[in-house]
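Engineer: Given the structure of chain P, go ahead and fit chain G onto it with the hints provided.
2 protein chains.
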Amino acid sequence: MRQDGFLIMLPGPTNVPDRVLRAMCKPLIGHRGPEFRELHERIVENARYAFQTEADVFVLTCSGTGGVACALENVLQPGDEVVVPVMGVFSERMAETARRRGAKVVEVPVAWGSAPIREQVEPFMHEDVKALCLVYNETSTGVIARELPALAELAKEHGALVVVDAVSVLGGDVLPVDKWGIDICITGSQKCLACPPGLALVSVSEEAWRAIEANQHRPFYFDLVRAREFLRERRETPFTPAIPLFYALDEALAMLREEGLEKRIERHARCARAFYAAVEAMGLRAFPEPRWRSQTVIAVEVPEGVDSRALRSAMKERYGVLIGGGMGKLRERIVRIGCMGIISAREVLITVGALEDCLRDLGFPVEAGAGSEAAKRELGLL
Amino acid sequence: MRQDGFLIMLPGPTNVPDRVLRAMCKPLIGHRGPEFRELHERIVENARYAFQTEADVFVLTCSGTGGVACALENVLQPGDEVVVPVMGVFSERMAETARRRGAKVVEVPVAWGSAPIREQVEPFMHEDVKALCLVYNETSTGVIARELPALAELAKEHGALVVVDAVSVLGGDVLPVDKWGIDICITGSQKCLACPPGLALVSVSEEAWRAIEANQHRPFYFDLVRAREFLRERRETPFTPAIPLFYALDEALAMLREEGLEKRIERHARCARAFYAAVEAMGLRAFPEPRWRSQTVIAVEVPEGVDSRALRSAMKERYGVLIGGGMGKLRERIVRIGCMGIISAREVLITVGALEDCLRDLGFPVEAGAGSEAAKRELGLL
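From first to last, the protein sequence lines are chains P and G. Per this note's numbering, the first sequence starts with residue 1, numbered consecutively. Per this note's numbering, the second sequence starts with residue 1, numbered consecutively.
The set of hints was computed from the structure by calculation and includes no laboratory data. All of these numbers come straight from a predicted model, not from anything done at the bench. By construction, the Cβ of each residue, glycine as well, lies at the ideal position given by its N, Cα and C atoms. Some clues are possibly wrong.
As the list claims (entries may be wrong) - Calculated lysine to aspartate or glutamate pairs in the DMTMM-like style (CA-CA distance at most 20 angstroms, straight line):
| no. | chain 1 | residue 1 | chain 2 | residue 2 |
| --- | --- | --- | --- | --- |
| 1 | P | 104 | P | 128 |
| 2 | P | 316 | G | 35 |
| 3 | G | 316 | P | 35 |
| 4 | P | 329 | P | 317 |
| 5 | G | 376 | G | 266 |
| 6 | G | 329 | G | 96 |
| 7 | P | 329 | G | 233 |
| 8 | G | 26 | P | 4 |
| 9 | P | 26 | G | 18 |
| 10 | G | 329 | P | 229 |
| 11 | G | 329 | P | 233 |
| 12 | P | 329 | G | 229 |
| 13 | P | 316 | G | 38 |
| 14 | G | 26 | G | 41 |
| 15 | P | 26 | G | 4 |
| 16 | P | 316 | P | 357 |
| 17 | G | 316 | P | 38 |
| 18 | G | 26 | P | 18 |
| 19 | G | 156 | G | 233 |
Unchecked claim - Stretch-level coverage of chain G by chain P, calculated; a stretch enters the list once three of its residues show a Cβ under 8 angstroms from a Cβ in chain P:
| no. | stretch |
| --- | --- |
| 20 | 7-21 |
| 21 | 210-220 |
| 22 | 242-256 |
Claimed, not checked - Computed from the model, here is a short list of chain G residues facing chain P with C-beta under 10 angstroms:
| no. | residue |
| --- | --- |
| 23 | 4 |
| 24 | 25 |
| 25 | 27 |
| 26 | 32 |
| 27 | 61 |
| 28 | 78 |
| 29 | 79 |
| 30 | 197 |
| 31 | 199 |
| 32 | 237 |
One chain only, chain P, in its complex shape (with noise of 0.2 angstroms):
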């Protein structure tokens, strides 16, 4: 491995702070004690205001899926009919969460590198409907959902929960959980939080509970009933949590605190900015339409001529820098920037100057600087 490790421009995890990564070498508490308590009860407070709601927000040991599994296991029911809108690999995911659920899913088609509107999803619901299950971004085609808000309130309009998957995008572009009636909303620790991996934060509103309560086939481990107690009551979690992520989340919480969620939100929306006026300036195309261009996830078309592993293969040993390829159908067409956490005008250059570097090696004719140019004007640096 290289000796500094790498600049991590995955789409998750992603680059976590030095701050952030010594916190979780602190001395160990149990999890029973004052010191867990109060340390959860600032995670809490601290996501509560990231994630702009009122309602109980809880942080569960497991990856973001485990959080969206968690979030469809408490709501749904055997038989309940759930209306999932389809448009890249982690919408297909919520689906057959749902439906290893033994909830009747209906799909809504989607073209990946697009997100639906009102009017496509208009037609699939009706007072049966349980949820509307949506991904706001979806980190496998860079495309964010910003017709959300008006999903929202079509799917408030026939009686049905809105469940929202944000691993991807919380505290990186706008999502105001209260304000849009979300009901329901799942995020990852190692996304745009600046965290590592191993955490997810459920938020919960009192719709949602109402459905949780009346569900009797709640699974053990993620229910979230018992969550609530133990939040509620003891300010602790059901079952042993993993105390060092808390440390580090804590910490990485308190960083975006300090920025403020505005600002922060801001920052990634100029870097991504840039990127997309680079991969422009560079002769490449984004895949999403631009309306649905993602401000923490940025997917860009592979050249022809040029083999995606072997960019990515020299992003990594020359530069020393990562970046995602493609998934499911995607797999070689594309590849994937994340623009999350700390994100700064440092990392977006230093990856589109080895974009540009490893393009050309590759025999894709780009203008020297080019890129970097377009970026750096975005990023008012020029």
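Structural biologist: Showing chain G alone in chain P's frame:
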């Protein structure tokens, strides 16, 4: 908090060697690259050594309870019958997890403080029992089910699977998974492996695979077939793993191999003998009957007139030593001391010394040095 942290004599989480703690701060890596694959492969290989198995061992991002839930949700389908000897909080939890899964759970009542023998379980076994689910080390009562080999044999005679919760014991007491015919064995990172909490390890036998593959209702996040595909074909985990905890587990398992499993188990046994000798010398009583006494969790009855909370508080405030209280109906009646992981003469003597002093201070007459002397004798120091 104390300036140098606590001595964690809880029945988990337990003390973590500095070497393991610091491993978490290594630079992060992606979980789809060769660096992770190499790490993961080494962990699995060393876990097989610790489990004494040739079977697959999976490392899951969740607590030990999550590992047990994973096992039961993969093996059991709604309506399946399982037999669960119940002798404490964790065996109750195992029964509840199976019930939540929709299984028909037959509980075998066993007195708290003892463990099941073949004759108790035999009447409940028949050919329609899918699995015998057993807690090998009942953390809540300080009991070890020493008859596990005979019980596993009994289960096999009836064609049932053997699912063993070894969360608080694997690595600290005898448990040859293959030799004893255990189909699924579950442990947690934060107990005898001396790693921070947040990971569960699960081994799966060929016979268990047949049941799992036939299960059309496997959960999504915990799907072991998916995990097997990723492990065997890519040496990866299906979802984003808690990478820093994998670093820690890698180091913890390396330490286990360096010491050797046999020596490690003998070290636990010796320290446990010292604890039990000290308990007796101080005029206290171990909670379990002698033959069932665990060598990883020492459960001690709180003497009349002493408040268990006051005792634990004094241990913490005056000596920085954390010990556990009782659970469930034993909450005030016992305290529990972890004898796990890095346990050595040092930790035993600090704990016993603190206990002597705090008990005396709370009005319980302990002859000065009686406990420490008895412990030292067992440790071969006198």
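Engineer: Would you check the hint for residue 26(P) and residue 4(G), treating anything up to 20 angstroms between C-alpha atoms as holding?
Structural biologist: holds, 9 angstroms
Engineer: Below or equal to 20 angstroms on CA atoms is what counts here, so check residue 104(P) against residue 128(P).
Structural biologist: holds, 11 angstroms
Engineer: Taking 20 angstroms as the top limit, are the C-alpha atoms of residue 376(G) and residue 266(G) close enough?
Structural biologist: holds, 16 angstroms
Engineer: For the pair we were handed, residue 316(P) and residue 35(G), check the Cα-Cα distance against 20 angstroms.
Structural biologist: Cα-Cα ~12 angstroms, so holds.
Engineer: Hinted pair, alpha-carbon criterion (20 angstroms max): residue 316(P), residue 357(P). Please report holds or violated.
Structural biologist: holds, 12 angstroms
Engineer: Against the 20 angstroms threshold, does the CA-CA distance of residue 26(G) and residue 4(P) hold or violate the hint?
Structural biologist: holds, 9 angstroms
Engineer: Below or equal to 20 angstroms on CA atoms is what counts here, so check residue 316(G) against residue 38(P).
Structural biologist: holds, 17 angstroms
Engineer: Are three or more residues of the stretch 210-220 of chain G within 8 angstroms, CB to CB, of chain P?
Structural biologist: holds (count 4)
Engineer: Given the hinted pair residue 329(G) and residue 96(G), is their Cα-Cα distance within 20 angstroms?
Structural biologist: holds, 17 angstroms
Engineer: At a threshold of 10 angstroms, is the proposed contact between residue 79(G) and chain P supported by beta-carbon distances?
Structural biologist: Nearest chain P Cβ about 13 angstroms off; hint violated.
Engineer: Quick one, are residue 329(P) and residue 233(G) close enough, alpha carbons at most 20 angstroms?
Structural biologist: Within the cut-off at roughly 19 angstroms; holds.
Engineer: Holds or violated: is there a CB of chain P closer than 10 angstroms to the CB of residue 78(G)?
Structural biologist: OK, holds: residue 78(G) within 10 angstroms of chain P, min 9 angstroms.
Checked against the numbered hints given earlier, this structure breaks hints 4, 19 and 29; the rest are met.
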